[in-house]
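Peer 1: The lines below spell out each chain.
Number of protein chains: 2
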Amino acid sequence: MKAEIINDRVLAEKKAVNELYNTGYYGRPKSKGLELTLIEAAYLAYRGKIDVEHNGNVLDFPGFFKIASTLHPSFELKYIVYKDLRERGFYVQPGVTDFRVYPRGSHPGKGAAKQFVYVRSERVPMPLKDLLRSLNAAENVRKQMILAIVDEESDITFYEVKRPRIKGGMGDSLYPDINTEATFLEDRVIIWDEDASTALFENGFYGKPLDKQRLQLSLVESRYLMENGVINVRNRQDNVMDSESFTDIASKIEPEFLLKNSVYTDLREKGVVPKTGFKFGSHFRVYAQVESPAKIPHSEYLVHSIPSDHEFRLPVMSRAVRLANSVRKSMLYAVPEDDGIDYIDIGRVKM
Amino acid sequence: MKAEIINDRVLAEKKAVNELYNTGYYGRPKSKGLELTLIEAAYLAYRGKIDVEHNGNVLDFPGFFKIASTLHPSFELKYIVYKDLRERGFYVQPGVTDFRVYPRGSHPGKGAAKQFVYVRSERVPMPLKDLLRSLNAAENVRKQMILAIVDEESDITFYEVKRPRIKGGMGDSLYPDINTEATFLEDRVIIWDEDASTALFENGFYGKPLDKQRLQLSLVESRYLMENGVINVRNRQDNVMDSESFTDIASKIEPEFLLKNSVYTDLREKGVVPKTGFKFGSHFRVYAQVESPAKIPHSEYLVHSIPSDHEFRLPVMSRAVRLANSVRKSMLYAVPEDDGIDYIDIGRVKM
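Line by line, the protein sequences are chains C and B. Under the numbering used here, the first residue of the first sequence carries the number 40, and numbering increases by one thereafter. Under the numbering used here, the first residue of the second sequence carries the number 40, and numbering increases by one thereafter.
Looking at chain C on its own, in the form it has when it is part of the complex (with noise of 0.2 Å):
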């Protein structure tokens, strides 16, 4: 079937109408004819469902594809995905977003697009700001969000982004009952008190013992209860610490402490707990209960804060969701903006 390159389009002739769009839903039917996108074209030319005419030769696949990338960003990208997205048999449209796909046994006329897919390159770094608009966008309208990544090898990993929902079980985890001495050492709290010091570690999962008489806070466990009025901080020349001085010495500690302080407060507040997630690499590692520290659940999310500036390294984050992934866990980005924290999801889904 004849087909022509016009500016970003291809225009193949008018029979494409009811061979390609009713039987395959290319192109958008137009009264000259079919209008497709170049990465359609390359897909059905591919497929030798249509011969593309250029300045009035006709071109081979590779002298199409040459044309096409110079002519669409992203081509290559574009085209990879697509293809992928075809030949596992969905219905793709070309839309705002890069793609609309329907769900298996649907197509367009019959239901609804029911995914978003957004195609990066592994190597271009994402701002968050772009993430969030289109997570947005795509949840405006009820779409689910996928984001495809090709690799520099053109291999393809589809995540999907949504807001997750938390929920703790701790209900109210502090102690107003307790008030007792800390002191800040070089880079972490000491309780002395062994009544407290139990008391805090059973019941709130606050901390980890440095003996049976002792326990050791985090700079974030510290400040949460110093800022609840459970611990009172002093320092290693028995002077009281107030909430500035210690933020102050702490962000000199920990450059990113309010960072994760502003998130660790929010955990808690919804009644999970939140723990270290160095092991994972990710700030917190988050529990929706612990009834005793003797029998620790599963923890259900990994946390990292980022600031709203942020951009994703892809490589990066790809790791982090894929690690997660790996031991039954979520992976959540929590971004603290002024009306509270903004989490997302990311999670590797097979399409």
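The hints are simulated quantities; they were obtained by calculation from the structure and are not laboratory data. Everything numeric in this text was worked out from a predicted model, so none of it was measured. Check before you lean on any hint, since a few could be wrong.
Identical copies carry no separate label here, and so any pair may be met within one copy or between two of them.
List time: in silico DSBU-like cross-link candidates among lysine-lysine, alpha-carbon distance up to 35 Å [stated by the list, open to error]:
hint, residue 1, residue 2
1, Lys69, Lys182
2, Lys53, Lys334
3, Lys389, Lys318
4, Lys318, Lys201
5, Lys291, Lys122
Put chain B on the given structure of chain C with help from the hints.
Peer 2: Using the frame of chain C, we list chain B on its own:
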């Protein structure tokens, strides 16, 4: 038993030599008594073996701990690791490195220390230069190098650092009888000839098929095959590209191109097969041998290229190693040096 802080040491009375050194190998016997480090003394104080005096006052445990923390940098970190090792039944001695650890069943005077243990805080970036200096020091005296990383909640993760032997089975996996045309599109290279595509993919596991006729190559694969005269690369305007112009463009697409390229070349020359490690967040996953893409074996290594002035952020390193180990691979870091690539294997160990 009485002991006294003198400068940054603790001197225990004479009978300590018999009661603490001869039974537990604490401290170093001196004519005046038993000299202990602050860390050894804190552990003995915690266990109620010594009462430490300072300026004539007997200190309780918190009192001694606070003073020791001001006298010795990273005192708490090191105390936590020392206590952990002692409680696992190891004899531990302070050394040029943080600790020398004796194998189970052995002790000072009976045999040699087996491990050098270096203690680090997760929060403090670790310069590669420091790591290499420590590794070389340990290797020179045939000790195992152990990194003990203490997280913000005082949990310890132990890593063994060593140099791997990388040996591949691909022999000569280049095909001097192939010489084929390829096009550098936007950010990847395509070979259009079916026979060449099939041979390179099937025999050398180069690239990924775009379809049955054509092969996509990554930038490092392309440059390697170009340098070896296997492919002639043209740009989209059909002009032949030389190695220099290819490298220039590839480095713009991928700022780490040259770093990755030198490691890719070295790995291929060692007879192994490096493929992208994107899904694992590393530069390469590496197969010892791939006889055919139809039966791809387990890949043995993840390899990440780092420059010689690299600083490890330890949560990132932790994630990389954990992910690699969870899929039964070794995590290798590859450092291009003047005389070749220095590979370092970092893996979690249980003590």
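Peer 1: Each of the hints needs a verdict: does it hold here or not?
Peer 2: Taking the hints in turn, this is what the structure says about them:
In this assembly of identical chains, the alpha carbons of Lys69 and Lys182 lie at most 35 Å apart only when taken from the same copy (27 Å versus 76 Å across copies). In this assembly of identical chains, the alpha carbons of Lys53 and Lys334 never lie at most 35 Å apart, being 69 Å within a copy and 46 Å across copies at closest. For the homomeric pair Lys389 and Lys318, the shortest alpha-carbon distances inside one copy (27 Å) and between copies (14 Å) are both at most 35 Å. In the homo-oligomer, the alpha carbons of Lys318 and Lys201 lie at most 35 Å apart both inside one protomer (25 Å) and across protomers (20 Å), since each shortest distance falls under that limit.
When the C-alpha separation of Lys291 and Lys122 is checked against a cutoff of 35 Å, the pair qualifies only between copies, where the shortest distance is 27 Å, while the shortest distance within a copy is 51 Å.
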